Amino acid sequence: MPPSIALRMNHALPAEHRDRLLRVAREAHFPQGTRLFEEGGHANRFWIIRDGIAALDLHVPGRRAPVVETLGVGDLVGWSWLYEPYVWQLGAETVTPVRAYEFDAVAVRLMCLDDPGFGRAVEHWVGRVLAHRLQAARTRLLDLYGPYSGGGAR
Amino acid sequence: MTDVPVPYRVVARRAETADTVTLCLEPVGAALDDFTPGQFAMVHCFGRGEIPVSVSSVQATGGLAHTIRSVGAVSAGLCAAQAGDVLGVRGPYGLGWELERARGRDVVVVAGGIGLAPLRPLILRALAEPATYGRVNVLIGARTPADLMSRKEIERWPTSYTGVTVDRPDQEWRGDVGLVTALLDRADFEPARASAFVCGPEPMIRATARDLVFRGVPAERIRVSLERNMRCATGHCGHCQLGPLLLCQTGPVVDWTAAEPLLSVREL
Numbered sequence: 085m086p087p088s089i090a091l092r093m094n095h096a097l098p099a100e101h102r103d104r105l106l107r108v109a110r111e112a113h114f115p116q117g118t119r120l121f122e123e124g125g126h127a128n129r130f131w132i133i134r135d136g137i138a139a140l141d142l143h144v145p146g147r148r149a150p151v152v153e154t155l156g157v158g159d160l161v162g163w164s165w166l167y168e169p170y171v172w173q174l175g176a177e178t179v180t181p182v183r184a185y186e187f188d189a190v191a192v193r194l195m196c197l198d199d200p201g202f203g204r205a206v207e208h209w210v211g212r213v214l215a216h217r218l219q220a221a222r223t224r225l226l227d228l229y230g231p232y233s234g235g236g237a238r
Numbered sequence: 267m268t269d270v271p272v273p274y275r276v277v278a279r280r281a282e283t284a285d286t287v288t289l290c291l292e293p294v295g296a297a298l299d300d301f302t303p304g305q306f307a308m309v310h311c312f313g314r315g316e317i318p319v320s321v322s323s324v325q326a327t328g329g330l331a332h333t334i335r336s337v338g339a340v341s342a343g344l345c346a347a348q349a350g351d352v353l354g355v356r357g358p359y360g361l362g363w364e365l366e367r368a369r370g371r372d373v374v375v376v377a378g379g380i381g382l383a384p385l386r387p388l389i390l391r392a393l394a395e396p397a398t399y400g401r402v403n404v405l406i407g408a409r410t411p412a413d414l415m416s417r418k419e420i421e422r423w424p425t426s427y428t429g430v431t432v433d434r435p436d437q438e439w440r441g442d443v444g445l446v447t448a449l450l451d452r453a454d455f456e457p458a459r460a461s462a463f464v465c466g467p468e469p470m471i472r473a474t475a476r477d478l479v480f481r482g483v484p485a486e487r488i489r490v491s492l493e494r495n496m497r498c499a500t501g502h503c504g505h506c507q508l509g510p511l512l513l514c515q516t517g518p519v520v521d522w523t524a525a526e527p528l529l530s531v532r533e534l
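The listed protein sequences derive, respectively, from chains E and R. With our numbering applied, the first sequence covers 85 to 238. With our numbering applied, the second sequence covers 267 to 534.
So here's chain E without its partners, still in its complex pose:
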């Protein structure tokens, strides 16, 4: 299974924990251009995209916030809710209309505290998502498409 699919909640979480998490989800719909959260804000929600695309951005003074990554169907939007100090590290905005499962982060954190097995599974899932995104960011740092002179036939 490719990493992008293996990291989706429905594959990454055992059925028992997935069902439990989904019981506290609510359906959310966002028009294109909706700000989901702002960098520095209190991370009290998170989402799993069911349809549409959202972009993660970073505040740079004096210019429009540059997009650092786009997320699509099945992707987790937001991880800062799971780790102290529960502050968004990036901003997020919908690129297209988005349909998503929305979760109350405080409620899910309490569920993690109440049930260590559930908590470990959620932390493991979000940690794997983070590792995957870190690896993708590091790969992009290599500037693979930049000029090269390998002498091959391109």
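No wet-lab data here; the hints were simulated from the structure. None of these values were measured; they are calculated from a predicted model. For glycine and all other residues, C-beta sits at the position ideal for the given N, C-alpha and C. Treat the hints with care, since some could be wrong.
As the list claims (entries may be wrong) - Derived list of chain R stretches under chain E, where covered just means 3 residues or more per stretch with a C-beta under 8 Å from a C-beta of chain E:
1) 396 to 409
2) 417 to 431
3) 436 to 448
Given chain E, put chain R in place with the hints provided.
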């Protein structure tokens, strides 16, 4: 095939990006043998030298198009060529994409950076024969929006899915940002009956091919174009050797089954 450069005249020059141009060439006299998509020519800039360049277009008239990025003395000389200039061309060399092996199957094309150029004739051929091939998907990764080749043309391709993602967006970019493999989630193909064609930097090729295999595309149906230093293009000098392969002859396009074990050897 000839090992002596044959004169070709530049009949058109199109700037693709700030450092990349496409030169359309017509033979001054007799044309070289027909090229197939994925094959390459040694293109000679008189007074500077020659470099290997894949064909980015093959014309029935014997004309060729080569897309060249300016990264060294020879490629800079070629990029500076203007309509009317004469270049030397020898070839065709190597094995091409062999699109015909994908008959009756979905086609997944994944291109990184200038890797789109050698894939372009394959894409056009697959799109021109909708009864022969299944759903055609084109996934493109680029450094920035300004580095995207053939942007207007890409928008017009009647594919089942075309995805473009960049590493560094500019202020106007409203598309995807991230690795090209992320686009595979949105592509429209049935892995078990798909053939894939991948060209770009080798780390991108590795990641893409592995992802495709994970999804169920058989490794022998993934064709990748490998990048090695080609000099003679006739299998004599050994500069392009990759393990048991001489890529100028048994490549540059090879099956993933042959490429995977070689790309994981650090010394190669």
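How the hints compare with the structure:
no.: 1; hint: 396 to 409; verdict: holds (count 3)
no.: 2; hint: 417 to 431; verdict: violated (count 1)
no.: 3; hint: 436 to 448; verdict: holds (count 10)
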